[in-house]
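Enquirer: As a plain string of letters, each chain reads:
Protein chains: 4
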Amino acid sequence: MILILKNGATDDQIDHVIQKVESMGFQTHLSRGTFRTIIGMIGDESLTTEQQLQSIPGVHQVIPVLPPYKLASREAHPESSVIDVSGVKIGGGNLAMIAGPCSVEDRDRMMRIGESVVKSGANLFRGGAYKPRTSPYAFQGLGEAGLKILREVGDAFGVPVVTEITDPRNVELVAEYSDMLQVGARNMQNFVLLTEVGKSERPVLLKRGMAATIQDLLMSAEYVLSQGNPNVVLCERGIKSFDPSTRNLYDVAAVPVVQGLTHLPIIVDPSHATGRPDLIPPCALAGLAAGADGVHIEVHDCPEEAKSDGAQALLPEQYNEIVEKMAAMAELLGKTISPLPNSTTNNTPPTEALA
Amino acid sequence: MILILKNGATDDQIDHVIQKVESMGFQTHLSRGTFRTIIGMIGDESLTTEQQLQSIPGVHQVIPVLPPYKLASREAHPESSVIDVSGVKIGGGNLAMIAGPCSVEDRDRMMRIGESVVKSGANLFRGGAYKPRTSPYAFQGLGEAGLKILREVGDAFGVPVVTEITDPRNVELVAEYSDMLQVGARNMQNFVLLTEVGKSERPVLLKRGMAATIQDLLMSAEYVLSQGNPNVVLCERGIKSFDPSTRNLYDVAAVPVVQGLTHLPIIVDPSHATGRPDLIPPCALAGLAAGADGVHIEVHDCPEEAKSDGAQALLPEQYNEIVEKMAAMAELLGKTISPLPNSTTNNTPPTEALA
Amino acid sequence: MILILKNGATDDQIDHVIQKVESMGFQTHLSRGTFRTIIGMIGDESLTTEQQLQSIPGVHQVIPVLPPYKLASREAHPESSVIDVSGVKIGGGNLAMIAGPCSVEDRDRMMRIGESVVKSGANLFRGGAYKPRTSPYAFQGLGEAGLKILREVGDAFGVPVVTEITDPRNVELVAEYSDMLQVGARNMQNFVLLTEVGKSERPVLLKRGMAATIQDLLMSAEYVLSQGNPNVVLCERGIKSFDPSTRNLYDVAAVPVVQGLTHLPIIVDPSHATGRPDLIPPCALAGLAAGADGVHIEVHDCPEEAKSDGAQALLPEQYNEIVEKMAAMAELLGKTISPLPNSTTNNTPPTEALA
Amino acid sequence: MILILKNGATDDQIDHVIQKVESMGFQTHLSRGTFRTIIGMIGDESLTTEQQLQSIPGVHQVIPVLPPYKLASREAHPESSVIDVSGVKIGGGNLAMIAGPCSVEDRDRMMRIGESVVKSGANLFRGGAYKPRTSPYAFQGLGEAGLKILREVGDAFGVPVVTEITDPRNVELVAEYSDMLQVGARNMQNFVLLTEVGKSERPVLLKRGMAATIQDLLMSAEYVLSQGNPNVVLCERGIKSFDPSTRNLYDVAAVPVVQGLTHLPIIVDPSHATGRPDLIPPCALAGLAAGADGVHIEVHDCPEEAKSDGAQALLPEQYNEIVEKMAAMAELLGKTISPLPNSTTNNTPPTEALA
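Protein chains in written order, with full-length UniProt numbering: chain A, 1 to 355; chain B, 1 to 355; chain C, 1 to 355; chain D, 1 to 355.
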């Protein structure tokens, strides 16, 4: 870290800062400028925090020089990680195509949507059994019954499934039925939940919070990694901003920013980022063009009957169309849509399921 | 709700919208303008959601006319609620003065700070035993040992205590030791946690999330209320913005906005809102002047030794000074700093503790 | 417009609202719901404003149903406009490739950079002669001398030039030397300047302000259009947000949002949006993938010597590489990089200039 | 400035950075840490810019240690400035009470409102003759005719007047009729306009832009100061944020932040900050409590007839009430509402005008 002292810091204050910092186990390097005194701290930055240093009288500004996320940082792990979700690879040129309805609803509808999106080229099927809803009066998900339906769809079409986890008490249950655990935007800094999913062996899809800086996102990934679970896929899904045109502000530049800082893959979710079906196709393509390792899109066959978030879902035929365009884009970019685990050719679901 | 149809919505679409809405149990009222067709929906708005209506083909915009928070709304409960925290009243002209360190640390320090802030006029003592920290490597709190120290301080000085709850599995434990449960900003939309604290009998201090609109905050309060716990105090503690001058953006106008919409009290937390000790006093006074029902301030007797957030704490003598000013402001505004439960005169802590 | 009255609006208030609105020349349509009374206004919305209606006692909310930008709206002009900048077409599948340094600097450097970017495929050369700088002590541009150099580069390589206008007194002068007038982000709501460029015959490149909603941007375009100048190209260049990773927040979803609302073309500027050269290539591709009608990129051959904004410029060889990728992307999307006016084949500048 | 070099910066890069920086006229101070090399620059920071330094290969981060606003900084001028507006003092404990309608409208109404607000205690009368309106179709102000009315009101009641300047060509004209020139939020970075008002002798009321950091605001003040006009009063009037509850986000903490950084006074404008009359009184008091040097409030006697912004104005009787409260608050804070220039007692307008 580097400490910039206040203009007019006294010699006593300077001595106290040096003594304090050395007592923490750092070597110091003093530099008196015309206007400001600067103290370089040489040693293990994890021995203290910016805030603690900021509290020492005379300190004006604390400048960290190393990222506080150690396991997640690209400096620690220069090669891009490839996460394997029950046979589907994400990262390192392998694209995740995650699709499905917002909530798990009745079995027949789920089978229908599942079949359709897999046929179109999705390689991960999604659906929420536990829904974090803004209103206590809104549909909260089918719970375990929903997990069973989700698993059934996954098995029928040979596609791994991902679903949201909202309760630290449910991690084992959800992990039993699904291939990947999603931590939603509203829980991105639910550190109790992050710690629990970090103890699971399931890969984790970690969505960026609406007020989260990229560093916040990487710190939350670090929670999971530090518990021993190295399989984290990040997801940009829009942050808060002032323009009501879209539900959130789709931060597509976060994709290359994140890829510069971490070895973990990052996908985009234009459904939640924009909240508008007409914007999903252009924003999905933009995400891929920016380098995303996959695209998450909500699909529903009758949005007006959806139990949640129907307004931001594509119809199955619209999804089919955008996957074709994404496949062409992937080819241009030299990337591959990951094949389903048991398929012999790319993107072709098991024929028995589609018959 | 009011539905504004798309420019050029067809007669078939209009018929379909009407039929769909009536099938939900609403009466409809059709109005064809020069440019737009509008459908008024008459009935119980909780039968549907904006998103579902938005999904119906031909619908351009959905305009709710009633707030979605029913129990929290002032329309439902015109009189301001006064929340009683083990004898200390908050709301309706009674001011909460919450003070204490960010984290519970060693017993002696806690007793010292507790004695000091109570002597200065605090009527609720705070300290975190479970800390939601951005970094998995930072101090995470003393856990149950911290709760015991907190309780000891509360008992010694006759002051109720408030502490943060971060894990739905800990609600009973935390409720046993403390008088009020704090739900922090990062958990404001942790609906699992809100539901659990809603089942508790302890009053809840609900902090506004960094990306939460005021409606989001009220919806989170509604989660607690809808579980049967009517004792919610809201807290404005800063939202995300673009200026790095302060840690967050202190939204002081939220105080009167919230008071217009709900009967629940709202306090302000200039420590977290600004992250700078020099800004706490002016922002505390500004909060009271805007009508806040109390002020939450972090106090530590040696910020550079604080286990967390020392940089945003006042020293005990600074806290004493600002309480004097807040007392004068309260008088000007015709409000009262709530006395401690057993004190015969306002703001005088039990003499045995201070002796 | 639609007026939603306050809960509990009295009959007298309702009568007054109706009378007031009818006196403005509207017909009204009254609808009393269970909870709210709604008044539909039928007539020419330009006769009043939201704010005026909001001021009438009893009115709770005013909902406009038509966009306030009449000339810019796609409803008024369903077909996408193609803007011609001295022979280079922008919009309707024709892509602008705007490149050049932030500021016009010395003639030799400008000729070198101009030759290079035109050779790479740029079809509009940019450079600022009047620089709006945050600091009064920073380089403010070469003024008319800079305009002359810019013109010389344009003439030498047969490429139209665009430069920023900051002073309403300079419109004629700048228009004499350049093919397109840029209104910068900080002047997007400088209505005096907008009015003056609206009187010019030069096409206008209008950049989105850092706090501008998309509606604000379209209203500013309307200023120019309403003065008689129909040739406006919009530009997304990043808005303010809370994450310090990038200089601004690149709102790529604004591209399809804008294209849905207006017939005017919209390009993207990843240089200003991100402020980081490493992010320019992925964000340029993302912009095209989202449907942008062109890309604006700063290019400098020695960023550390640039008089302004060197840190966000690409080197000429980096620009050459990204144009190749953008050309491949354009082909995939079925679009064309507009050829230079006098070139017989696409993207090949006059051979005499390059010899 | 301090330069933090990139992890893995080569010796050649380090040498080049040092040579480059020394060629600019700085001394350097090299410090090699375990992970990062740091170069301290000793000398006059105005010789270069952050951006230029950022462009040097190998540089990771540039950290300025001195504020870039030299004349505006409190380091340069430790004592708070008191600005004199034709006899009304602002700053150093003297409070400005600015009131009046958004736009100058007909003479009789202006005289009526002017008389009323002066009687209530206003010491500066405001009204816009040139209105920067988002829509080209909205009322744009009466121009010079409006200036004349404004002057007439000022003369009638012995109160200085302030009005907005939007066009650099109008500075002399506006300065002839008014006592103070307002630069509005949308023009805060209209550097051409700032330069022109900097050449005027009239005090300037500089409003913070909706996307302006506090440093941006101070840099804009520096433009005016650097032209020779030392009389700048700053104004916080709300910045952009995500919550639609209020028109802008009232950043009350900006008041003490600004006062720590500059000697210039800062007032607050709760009318524009919130856009809601019900929020003006609590936010006005909050601004004073936070230490503001004055309060700007829009007042109109018939908001529904106002030519602009009626919805955010107080009625004269509401203004009278809030001034009483502000006067009590001022007394508590040990400040004085500046008397009118010719009044013998505080806040009493010339009796002939009120008779």
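Any given hint might turn out to be false.
Since the list gives no way to pick out one identical chain from another, each pair is judged satisfied if it fits inside one copy or across any two copies.
Calculated cross-link-like contacts (lysine to aspartate or glutamate; reagent style EDC-like; alpha-carbon spacing at most 20 Å) [claimed, not checked]: (1) 6 with 44; (2) 119 with 301; (3) 335 with 304; (4) 335 with 321; (5) 70 with 44.
Simulated from the structure, these hints should not be mistaken for laboratory data. Every value quoted in this text rests on a predicted model; they were computed, and no experiment measured them.
Enquirer: Each hint: holds or not?
Expert: Now for the hints, and whether the structure bears them out:
1. 6 with 44: between (24 Å within a copy, 18 Å between copies)
2. 119 with 301: Within one copy only: 14 Å inside a chain, 49 Å across chains, cut-off 20 Å.
3. 335 with 304: neither (35 Å within a copy, 35 Å between copies)
4. 335 with 321: both (19 Å within a copy, 19 Å between copies)
5. 70 with 44: within (12 Å within a copy, 37 Å between copies)
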